[in-house]
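Taking the hints into account, I'd like the entire structure generated from these sequences.
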Amino acid sequence: MISGPLLRHTWRTHRVRLGIISLALAIWAFLMPVIYATFGREMEVLLESGIIPDAFLSLMGADPFSLDGSVALGAVHPIAIALQVVYPVGFAAAAIAGERQRGTLEVLLSRPMSRRTLFRTLLVATIVAAVITTAATILGTVAGAALYDVAGGLDVSEQALLGLNTVLMLAALGGISLAASASFDRLTPAIGIALAVTLLGYVLEILGTLWPDAAFLQPYSLFHYLRPLEILGGEADVSDLVVLAGVLVASTAFGLWRFPRRDLAAPT
Amino acid sequence: MTPGPGPTTGLHAIRAFGLTKRYRSRALFGGRGAGAGTVRALDGVSLDVREGEVFGFLGPNGAGKSTLIRLLLGYLHPTAGQATVLGLDTERESVAIRARVGYLPGGIALYDGLTGARHLDYLAELSGRPPVRRAEICDRLELTPRTLARPIRDYSRGMRQKIGIVQALQHDPELAILDEPSEGLDPLMQRAFYAILDDVRAAGRTVFFSSHVLSEVERVCDRVAIVRAGRLVALEDVGELVARRRRSVTARLAGPGRAPDLAGIAGVTEIEVAGSVLTCSLAGDPGPFLEALRGIALTDLVIEPARLEDVFLELYEGEAADEAAHALEDAGERT
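As given, the protein sequences belong to chains A and B, one line each in that order. For what it's worth, this note's numbering labels the leading residue of the first sequence as 1, then goes sequentially. For what it's worth, this note's numbering labels the leading residue of the second sequence as 1, then goes sequentially.
Be a bit skeptical, because a hint or two may be false.
[Stated by the list, open to error] What follows is a list of derived Cβ distance ranges for each label pair: (1) B:Ala96 x A:Ala265: 22 to 32 Å; (2) B:Asp112 x A:Leu199: 23 to 33 Å; (3) B:Asp112 x A:Arg8: 17 to 27 Å; (4) A:Thr268 x B:Ala96: 45 to 55 Å; (5) B:Val39 x A:Thr188: 41 to 51 Å; (6) A:Thr268 x B:Asp186: 19 to 29 Å.
By construction, these hints were calculated from the structure, which means they are not laboratory data. The beta-carbon is built from N, C-alpha and C at its ideal position, and this holds for glycine as well.
Here it is as structure tokens:
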């Protein structure tokens, strides 16, 4: 069960920020098919010339200047990732520890609401934010493709699967961040853990992509299970989604176990 | 073994049995360094608060007042003992308790971005009960609609405290738990707040009132518990507690006549006579003392009124010794 008033309050508080981030992601995603439609042919010729190093091409995906390649590159680009993780990391990590640090958790928990309900409500808010930002990204892609007359190259089911993959990755990050938030009285350690999981995961994934000897580290990164190129290329692997869902379930279970057992001493 | 709570009689708003809370004090490096050990925040506190009374919970900062409140509301889990609030177990039925209780935390924090009105609406929504008393309480505390339309970030400390009082009482809870409620209120608003408490009491509601302002407790409370270093040291009617307090007496004899023989008079101790001035301490019923003075010519007689403050200070005289004993016990647990 979740708390309707808390969810509505969270929505009212964050809707403008969430709207700005969604708009930014939509514009970013809009640009990917535009870039493909505008420069795709010329860049393909450039690629065939062999002037771009293989490692760099590998980082961008196997075929960055096809339509699918452009969209996939847009999905894993640091700018897109940074915008997408604002809520799963920033909001979720601050959601409980921030209220606790400010002292407002006192008032919230003086109402007839269990700590588990509070946790579940904030998790739902985090996942809803991930769905909205992901939907904005997909809408941006479709709009860009439609405007530049390349929409025929987009597969609806693959876009939906990519959306699910993205939402699950963001939800898994959100679950970890919220569990960290429920475990501390101060914002700093909660944010620190959430940022460490995100940044370290991203670095491991990039490192493994650029340096084959470090590829064994990639499975430890949540970003390894975000597979836009494979999904858009028709090679989706359900196990990636299962791993992300597993992380979400495990982190949620930890948070729901830990938070009610904690002593919430008077704020100092 | 701590005795368990008996059946709910409907006469107790709060019952606590041997309620104990110890914190593990962590030092660096796994809690094995200097400073690690156990901190006793509350030690075997048993008390009952009757329905319909205003109950004062007294003690200086760090004595365990807020710890008890947090245990009652489920913010903390007891190390030992148990408690019921409105007949519900604080560990297993905390949510149901909070549905029937209004709580004002000490030094309340509010959502600065919301207006006062929006804040109260939000908390009423979370309570799931209509704010039936909001208008009346806001009126008494001079929180006008114009004030409530301003964002809380613009509020002074006193105004924030007023919002805290309103949010705790607006849904007419069966039990109000107020942690230092008059903190930050000016004297006029304190008086308005006491009038609100009188109304709450008249409506048959119960108030559990934590404070270190002794005059306030004496003014509004029916009964009082005093906590010292986590232990309950007194639990009585305010009137009875004060009446038992030794009062200082000064009598001026008219002329150099013989001083009255007060030795053996019930409640009279520390008798001293210096010239025509007689001083002594008087506890309990002053009747026998006044009877003994019958026929003695006096120019003046002053019996200082007993105050809760005196009782409180008397009970706290041994605090330093007690704290030292606790520290020794805690050090023993660590080794």
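Results for each hint:
Remark: the range hint 22 to 32 Å for B:Ala96 to A:Ala265 is upheld by a beta-carbon distance near 23 Å. In this structure the supplied range 23 to 33 Å holds for B:Asp112 paired with A:Leu199, their Cβ-Cβ distance being about 30 Å. Between B:Asp112 and A:Arg8 the CB atoms are about 19 Å apart, so this pair conforms to the stated range of 17 to 27 Å. A:Thr268 and B:Ala96 have their C-beta atoms about 29 Å apart, which leaves the hinted 45 to 55 Å range violated.
Our hint of 41 to 51 Å for B:Val39 and A:Thr188 is violated, since their Cβ atoms are close to 23 Å apart. Between A:Thr268 and B:Asp186 the CB atoms are about 27 Å apart, so this pair conforms to the stated range of 19 to 29 Å.
Going through the hint list in order, the structure does not satisfy hints 4, 5.
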